[in-house]
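> Sequences listed follow chains A and B, in order.
Residue numbering for the first sequence follows the numbering used here, starting at 331 and increasing by one per position.
Residue numbering for the second sequence follows the numbering used here, starting at 234 and increasing by one per position.
To be clear, the hints were calculated from the coordinates, so they are not data collected in a lab.
Check the hints yourself; a few may be wrong.
[As the list claims (entries may be wrong)] Output of the computed footprint for chain A on chain B, the stretches with three or more beta carbons under 8 Å from beta carbons of chain A:
| no. | segment |
| --- | --- |
| 1 | 286-299 |
| 2 | 366-374 |
| 3 | 388-394 |
| 4 | 472-483 |
| 5 | 499-510 |
| 6 | 515-526 |
[Claimed, not checked] Chain B is faced by these chain A residues, among others (derived, beta-carbon under 10 Å):
| no. | residue |
| --- | --- |
| 7 | Gly740 |
| 8 | Ala742 |
| 9 | Asp748 |
| 10 | Gly947 |
All values derive from a computational prediction rather than experimental measurement.
Glycine included, C-beta positions come from ideal geometry on N, C-alpha and C.
For reference, the chains in residue letters:
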Amino acid sequence: MTATLSPPAPKPVEPGAAPPAEERTSVSRWIPAVVVLALWIVVWVFTRGDDTLALPGTSRTDLHDRLTEFQNDLLAGRSTNPLMQFTNSIADALRSAVEWLQRMIVLPNFPRPVPEVGWLGVVAIATYVGLVVANWRIALLVAGSFLSFGVFGFWQDSLDLLIITGISVLLAVVIGIPLGVMIGTSQRANQVVTPFLDFMQTMPTFVYLLPIVLFFGIGPSAAVVSTLIYALPPLIRIAGFGIREVSATTVEATDSAGQTYWQRLRKVQLPMARKTIIVGLNQTTLAALSMATLAAFVNGPGLGKPVLAGLRINDVGTAFVPGALIVVMAVMLDRTTTAASERAEKVARGGGGDVRVRRGLLIGGGIATVVAVYLSRTYVSLAEFPTYSVGDSAASAVSDAVDWFTSTFGGATEWVKDLITNQFLNRTQALLADSPWWLAFVAITVLAYVFGGVRATISTIVCLAGIWYFDLWHDAMITLNMTLVATVLVMILALVFGVWMARDRRVDLGIRPLLDAGQTIPPFVYLIPVLALFGPSRFTAITAGIVYAAPAAIKLVADGVKAVSPTTIEAGRSTGQTTWQEITKVQLPMAKGSIVLATNQGLLYVLAMTVIGGLVGAGALGYDVVYGFARSEAWGKGLAAGITIVLLGVMLDRITRAAADMRRDDGPGSRRAFNVRLPIGPPR
Amino acid sequence: MRIVRSRGARMGALAVVTAVVLSACGSGGSIDAETKANEEQAAESGGECGELNMAVNPWVGYEASAYVVGTVAQEQLGCTVNYKELKEDVSWQGFGTGEVDVVIEDWGHPDLEKKFFAEEGDGTAEDFGPQGNVGIIGWFVPPWLAEEHPDILEWSNLNKYAKEFATSESGGQGQFLGADPSYVQFDEAIVSNLDLDFKVVFSGSEAASIEAFRKAEENKEWVIGYWYEPQYFNAEVAMQRVALPAYEDGCQDDPQTVACDYPETELKKIVGTDWAASDSTAVSLVQNFEWTNEDQNVVAGYIAADGMSPEDAAAKWVEENQDKVDAWLQ
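Sequences and hints are given; from them, build the entire structure.
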């Protein structure tokens, strides 16, 4: 995982030398950009408000209705559609697998009043697994996490979520590793698969929940499938990347020994890419967890259900506790998989500590686990988790704290909202969305050329043409504007906090857990307080986007700045540089690659929150998606909005990537995957 | 990833585990004994009801109705009730596959009726009659506003106050807060056809509308929006309705020309056709189920204001209103 966090290696620079020359070329790009912008504004003054292609919130076009027909046809043919019969049998298998596991550890297995293995047994087994795959520290972390699930009153929902996540990740491995091998060994396969992966990661879930229910039914099966769709891409991308990165010399050397394709794969490529593949697995697990709340919209079991229940009664405390447990689960799984891969690495190299001590520990732990399982099968009180009031008190404490906060700072936040909305957001929106569509089209294309060159221009033209075709141009421009404004704010935060964290290790250690939580807590948890502060508005949506996107950007900038060679900084200091000069003249310019990467990730993360924005008054594409999910007659409009979001995402990705001269490749490190989540955790 | 823990923390964690185990042991009973009891019970009871798959659409009033019916079915008819948390469209899709049997509170979905009712659609769903609640939809303002400016409750005076309703979202016009897209809304048309100087801004979800109204009442802010009852929030903030030109039959037929108020909606029960034809004893319970807005608001208040679980809230109401429940069980 070190590879994932490391920014592009800075070019070696002579101590005390001026910032690298590429600095100047990027500055010069801004001159034509400003000229284009000025021309845009001039034409805009005369054409403002013409041909904006605005469509009222609840109106639809013929194209949207045709798309709705597609869903209707699927529905009408559901009893005869052979594909659906096939998927339904898969769904049955998934459902029985989930139910079987539930009867083992969660739900009463009739006629038993309790599951086969009670809570004590489950905690013991989980702890033992932590001990076997990693070490005793991880075992303690696992035990503590499991106990917190029960103590806070969400034992059943937590285990349900673990089951859904577990099955989804297992399927992701079964499907993802072969696909990863495919795109890792064949450039053509990579080109074919990548757009699908982009699509799966950026298409809002609300759009495909309805068809999924059609193909896979309601409940656990739909939850597993929708989770799988979102969680699969990181594994495929990163596995493919890992295999591709196996050094060519190694492959050639072993090829010369006359190995077959399979031998090369099994003996050379897979083992050498193993560490990277585990990073992919880790990412896939976290992505799967982030689907918990959305799966609850189709009765998917898990912690998403109580989160939504809290949202229904507008009670932040009720939603917060299960939301925080999702964070606990994410941290537990992240640390465990990471420690497991580190241990495997060590053992492979002949390390791993004293074998005798470890063997003793494993045998002792095994016996204790067996005893615990037996006890939990015998006594009701060791099978059913006892009830505590801690969860309820925590919930009301959180509600009180949030109430106090909103009533104390409500006035100030309103002021900030109006300032940013009127001075910034409304002005840029006027330019983007009130321009005639052809003007915005041309202007964006030229800007793409300025920043990204020919390749980015072609992608931009294709994406914009697609957006135009799907009849939601005006909404797309409003969403694009919100995304850009939010990303600017994210980058301001990223630069301030990133540099601060990089310069002070204590700050880093203090802030990291907050960043981890911001990245993994379901947005539905903080919607209510954000609404209480800002009311339904675009700014509320932007705030939610920032909470979600800033952690990733901050981490990237912090790691980038940290990687600037200490000798360079020392050299600067010896010439009597001030701290401010050190940051602006040395650290930031040399971390430029990371900053562009952070911008790329910031844009995509913010865009991923578009639909959440639609739920809090941002309107535009987010609202269209929610509308399509809520009313079947508008499903086509939701689909069109979803595709438009995908096109915006691809466009922004290609432009920023080209701007940074990033190689078109998917993987951790400088060639970060499109929309791959960062691993959470402290710096290493 | 190193996890730095002090020795004290380790001992603390160990102590917690031990404490939990010990406290749990105190009340221990034998699982074997309960298993036997369950087996005997299962052998005795005939199970005439079977399973009842109750859709739970995502608002508190619905939850109240669903859990009251579910509790009666479970406690008094011995059904196995499966509550399924779903949006409306997904629920209707579930009738055909047997995953959903009952939607207990339907606010009117002509498009879904077309797809799933017998006349035009595949006939997997059917209308099971009104459930007693009456949905009132309209334009509402927070009570402080109605009190200080009583004339605002008449639509013709709205333009006078339009500037007061302006926000950073509404571009100089007054802001009208549209609702969760699950509801049929004609506000964009009403605003333009009545020449009101307002812009519709969609809150996007019920949670967002509630927070906006709550904030408006607390801070005396100007807000007007699409709202409805029965709704638990009205017990906390009694939203006041603004009179639009009265509803007449047909005045909402063409979405483009709507210039009238919303009609009162009789909320309906929708059930799966196959389930309705089955001999489950819950069929007649659902058929007979009918209660009032006040009844629903009581249970919704238990859930939303008092923080009870829907199961407990329903059980409490059933206990207090056994006479009403008996009428459903005839």
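> Check, residue by residue, whether the segment 286-299 of chain B contains three or more positions whose beta-carbon lies closer than 8 Å to a beta-carbon of chain A, and give the verdict.
Held - the segment 286-299 of chain B has 4 residues with a Cβ nearer than 8 Å to chain A, which meets the minimum of three.
> Restraint: A/Gly947 near chain B, CB-CB cut 10 Å. Satisfied or not?
holds (5 Å)
> Mind checking, does the segment 499-510 of chain B have 3 or more residues with a CB under 8 Å from chain A?
Result for this restraint: violated, n = 0.
> May I ask you to test the interface hint for A/Gly740 with respect to chain B, counting a Cβ-Cβ separation under 10 Å as satisfied?
Check passed: Cβ of A/Gly740 comes within 7 Å of chain B, closer than 10 Å.
> For the restraint on A/Ala742, tell me whether the closest CB of chain B is nearer than 10 Å.
Given a least distance of 13 Å, the restraint on A/Ala742 is violated.
> Cut-off 8 Å, C-beta pairs, minimum 3 residues; does the coverage of the segment 472-483 of chain B by chain A stand?
violated (count 0)
> Would you check chain A against the segment 515-526 of chain B, counting CB to CB pairs closer than 8 Å, and say if three or more residues qualify?
Three-residue rule not met by the segment 515-526 of chain B, so violated; n is 0.
> Closer than 8 Å Cβ to Cβ for three or more residues is the test here. Does the segment 388-394 of chain B pass it with chain A?
That given contact is violated, which follows from only 0 residues of the segment 388-394 of chain B lying within Cβ reach (below 8 Å) of chain A.
> Report holds or violated for chain A covering the segment 366-374 of chain B, Cβ cut-off 8 Å, minimum 3 residues.
violated (count 0)
> Taking the closest Cβ pair, is A/Asp748 under 10 Å from chain B?
Hint on A/Asp748: holds, closest Cβ of chain B at ~5 Å, below 10 Å.
Going down the numbered hints, you'll see the structure goes against 2, 3, 4, 5, 6, 8, while the others check out.
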